[in-house]
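Asker: Start from the sequences and build out the full structure, keeping to the hints where you can.
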Amino acid sequence: MAKKLYVGGLSYDTTDEGLRAFFEQVGPVGTASIAVDRYSGRARGFGFVEMFEDADATKAIQELNGKMLDGRTLTVDEARPPRTGGDRGRGGGGGGRGGYGGGGGGGGGGRGGSGYGGGGRSGGYSRGRG
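In my numbering, the protein residues as written are 320 to 449.
Be aware that a few hints might be false.
As the list claims (entries may be wrong) - Straight-line C-alpha distance at most 30 Å; calculated DSSO-like pairs for lysine-lysine:
{"hint": "1", "residue 1": "K322", "residue 2": "K378"}
{"hint": "2", "residue 1": "K386", "residue 2": "K322"}
{"hint": "3", "residue 1": "K323", "residue 2": "K386"}
{"hint": "4", "residue 1": "K378", "residue 2": "K323"}
What the hints contain is simulated information worked out from the structure, not anything from laboratory work.
Answerer: Written out as structure tokens, the structure reads:
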């Protein structure tokens with residue numbers, strides 16, 4: 320059964336082919352790909368290698384973790400599945416911005432009238448909470 324490995328600490332100069340050749344030292348490689356920023360097209364400094372055999376994946380972790388490739392020390396470990404809450408986290412960020420904007424709007428009103436009644440409003444809030 321194939322096992323996917325995470326490879327961190329990659330040089331921006333490392334290519335998919337170079338990564339594949341490096342891992343083929345320990346066994347046959349299914350795929351080797353370097354993560355690329357979708358906007359700039361530049362390498363992100365990490366990638367994934369899929370080894371055909373679990374034993375080869377274990378061997379790759381043991382033998383290649385901490386080794387140098389293109390002048391950089393690699394971190395090799397089992398890949399973890401993507402977080403399922405990632406989309407929700409981004410949505411929460413949007414909600415936070417919305418909340419901030421709403422708060423900012425209220426704050427703007429308070430600042431605009433702070434010379435007249437803003438202090439009274441904030442005093443009212445603190446009394447209401449206490």
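Asker: Does each hint fit the structure? Answer for all of them.
Answerer: Results for each hint:
A hinted pair counts as satisfied when its Cα atoms are at most 30 Å apart, and K322 with K378 qualifies at roughly 12 Å. Pair hint K386 plus K322 holds up; C-alpha atoms about 20 Å apart against a cutoff of 30 Å. Only pairs whose Cα atoms come within 30 Å are accepted, and K323 paired with K386 is accepted, the gap being roughly 18 Å. Proposed proximity of K378 and K323 is supported: the alpha carbons are some 13 Å apart, at most 30 Å.
Checked against the numbered hints given earlier, this structure breaks none of them.
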